[in-house]
Amino acid sequence: MNRTHVFALAAAGLVFASSVDAQRRRVDLTVPSVAPAEVICFALYTVHDQTLKLTAQLYPLSEEASRTVRLEVEQGGAWVEVARTEVIERGWTAPFRVDGWDASAARRYRVVHGSEATYEGLIRKNPTDQDEVVVACFTGNSIRPAHGGDLSRQDLIDNVKAVDADLLFFSGDQVYDHRRHYAAWLKFGRAFGEIIKDRPTLCLPDDHDAGQPNLWGESGKVSTLGGAADGGYSRPGAYVQEVERAQTSHLPDPADPHEIGQGIGVWFTNLNWGGVDFAILEDRKFKTGPAGRVPKQGPRPDHIRNPDYDPASVDIEGAVLLGERQLRWLDRWGRDWSNAQMKVALSATIFCGGAHIHGGANGRLHADMDSNGWPQAGRNRAVAALRKAFAFHCAGDQHLATIFQHGIDEHRDAIWSFCVPSIANLYLRWWQPLEPGSNREPGAPEYTGDHLDGFANKVTNYAAANPEKRPGGDALTTRAAGFGVVRLDTARRTITMECWPRNADVTGSAARQYPGWPRTISQLDNYSPPSWGALGELTFDVDDPVVELVDLASDEVLYTLRINGKKFSPRAPKGRAFAIKAGVAGATAVVVERAEVGDAQRTIKLK
Amino acid sequence: MCFAGWAWQHTYWEGPYGPLFWQGEVFDLASALGGQWDAFVGSGAGDGWVQRVIAWTAWPYIVCMVLSLTARARARAQLAGLVLGSACLAVLAYAKYVASLRELPMLIEHGGQVLSPILLALALVYGARHRAVVAVAVVAVVTTFAAHGAYALGLWPTPASFYGIPAVLLGSDDATTTAFLRSAGALDFAVCVGLLVPAARRSCMLYAALWGLLTAAARPAAGMSTSLSYWGADQFLHEAVLRAPHFVAPLYLALVWRPADAASAGVSTSRP
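Sequence lines, in order, name chains A and B.
End of the first sequence sits at 1775 in this note's numbering; the numbers just go up one at a time, nothing left out.
End of the second sequence sits at 839 in this note's numbering; the numbers just go up one at a time, nothing left out.
The set of hints was computed from the structure by calculation and includes no laboratory data.
Fair warning: there could be bad hints in the mix.
Restricting the straight-line Cα-Cα distance to at most 30 Å, the calculated cross-link-like pairs of lysine-lysine (BS3-like) are [said to hold, decoys possible]:
| no. | chain 1 | residue 1 | chain 2 | residue 2 |
| --- | --- | --- | --- | --- |
| 1 | A | K1293 | A | K1329 |
| 2 | A | K1389 | B | K663 |
| 3 | B | K663 | A | K1637 |
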């Protein structure tokens, strides 16, 4: 045996050892074999408009086991069956629906299978009697021990209980395994079941959940390009359907149920909880893929590394973001203030390029079309629809916590958005513009202030939980990781954003949030352009009426809002005239035929 | 063709070396050499240290693409260049292996591509019928087909493209595609076993050559469209080109093992 042979053997041995070692360090996603009494892994639910929807997630059932699962509710000390369903074997989910649900009181529930298996939890009462609705927000649940982590989630569990969150929002990437969603989803449930079982939970399947690194869904097209920038789903339609059954079948009924390509359904909808109307958006499913449509500007079809490029050149005609049907629904949602004092939009990611330096791009990138800053026209339509409802936006995906206010025609003329940090960061990102922002708040870091993102979208940054300036490789890390808390005060109409690192005790005096948090804004800050002026104050004879401004020239709704109390000082663009409509349940009657900036006060009777 | 395909990938797009270079240790090295964070990450114009190093990795492929055409038996330097090219392909295979979280088939499936320059060099030096050339070709075919077969059979989680491409080209549903993949995977392993059976090996290689050609061509066939810029050729065509060893190596063996040639000439073992 000569040296060449020895080297070849040693190299082969290193590779093999590395592979074996990696196997050991890889996530163990073996689905455990459980006793019949343990066959129910976890359950998720929502309650909306007197309808309880609950999905129980089971382990695989044996051939001889019954496929029937029952839902029981505790009434008067006894368990009463309220629904039963058949298990869907692909994915082992059991979806329940109970109409006519009385959400005025909390109820204990249990899911039952056979004679032994039960899983108990609490259906909370609708917190309409509380002034504050607390939402715990998460994203990016990477679990790869090969990268240094299969870190306990106990800190998150403890903190959610400590803040007594009324609602849980998992914005995406609950699962990072691209081929074994079922096994990884069970692991997610085992990790978070303790808090999920007792709270309504919203899960949005994002790209990694669907089995790919990025997702431009193009209404269910099949993707064949590595990285999926050609648009579409990389995994088979049946796989995606299984993912969506697991993660979204407990959401309120889809607002516009229909099938797209490969039999994949849609699930965008809204949830009214505690007087807050949450729009649950699908911002990946309809999005156009950039490969072959957008002029090449970088090392990947979706990456732009040419800072001198023309942003208009990538804003191609016909490129879709939310899709026409979802946008039409969003317009209707924005005008419907039934049982709502505030509105919030939830989606996978934020409507701008919210990072400059990407671990996945080996450094600084000018723009990334995975962000919803692209396509610009689609982004502007989405943001315009949301600002009309003064909707606050919460999302994730970016592996970097940020606070932005978006702008369309001018900086700060649209909604605020809070991108929450990852539970565990697969790779790191930084918000680090080359130039300091304009109009920064006194004492604020130079990376804050007015900027243009890589697509020339107007954005104003208020905070960024930048990690230390050092690559993390692909090491799973708790650097810049954590979770978010959004406190929605329906009495004062304020939104408080909190951003906590991992392994912090939020109740402890020493606990510190990331720099820039907490931050409190007003509901009205979500559509208050600096260039606007004030119409005369309106005084109503009822509390909290719905008010709507309609542009007399275009007949377009400027915004709709359930005001706080009896007085409201509407703001509007100067030099234009508006009709004001108002009503108790909805803005049905014209109460001011013509209003302009600078008008005198008005008293309006609605009774 | 393999070098040409990868040269396109490296020059027009980018080489897949990010998982190797974007590491804290590399940043420490850059810092020791005087590089600060801003220089390390760049200005957004591809001028970060890691981005530039990755860009430089294109040159060996461009050079080797030329060497593949110009190398001759006595051009030792050019032959050495081809061997270095093989080493570059090995590093590339390792980078993809790391990116796949160290899935063994992702490393092994590149065996045909990694060995193709050595195959050419050996053939030039010893002649196309030399035992060493045949042996390397056999290893190339076995590694390529065994690894792809492992993925297709689901022994390792099957890559998404294995599903998407048949779904687009055949219009098959999930169940049919899965059955198709399992069959193809079984045949991949049958090809590897058939190599050991003299009576079957040529037939196996003819099948392998055809299958390698079809699967290489499937990528542009499934992805290209007249609705795309350049019909999508810049995205997909090189994916077929760089997979040329997948059909050239088995075709070579099929030709070497032609019955008339095998009976009359035998396989050479002599040195030049």
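Status of the hints after comparison with the structure:
1. A:K1293 / A:K1329: 16 Å, holds
2. A:K1389 / B:K663: Holds: K1389 of chain A and K663 of chain B sit about 26 Å apart, inside 30 Å.
3. B:K663 / A:K1637: Given that 30 Å is the threshold and the Cα spacing comes to 26 Å, the pair holds.
Violated hints for the displayed structure: none, as all numbered hints are satisfied.
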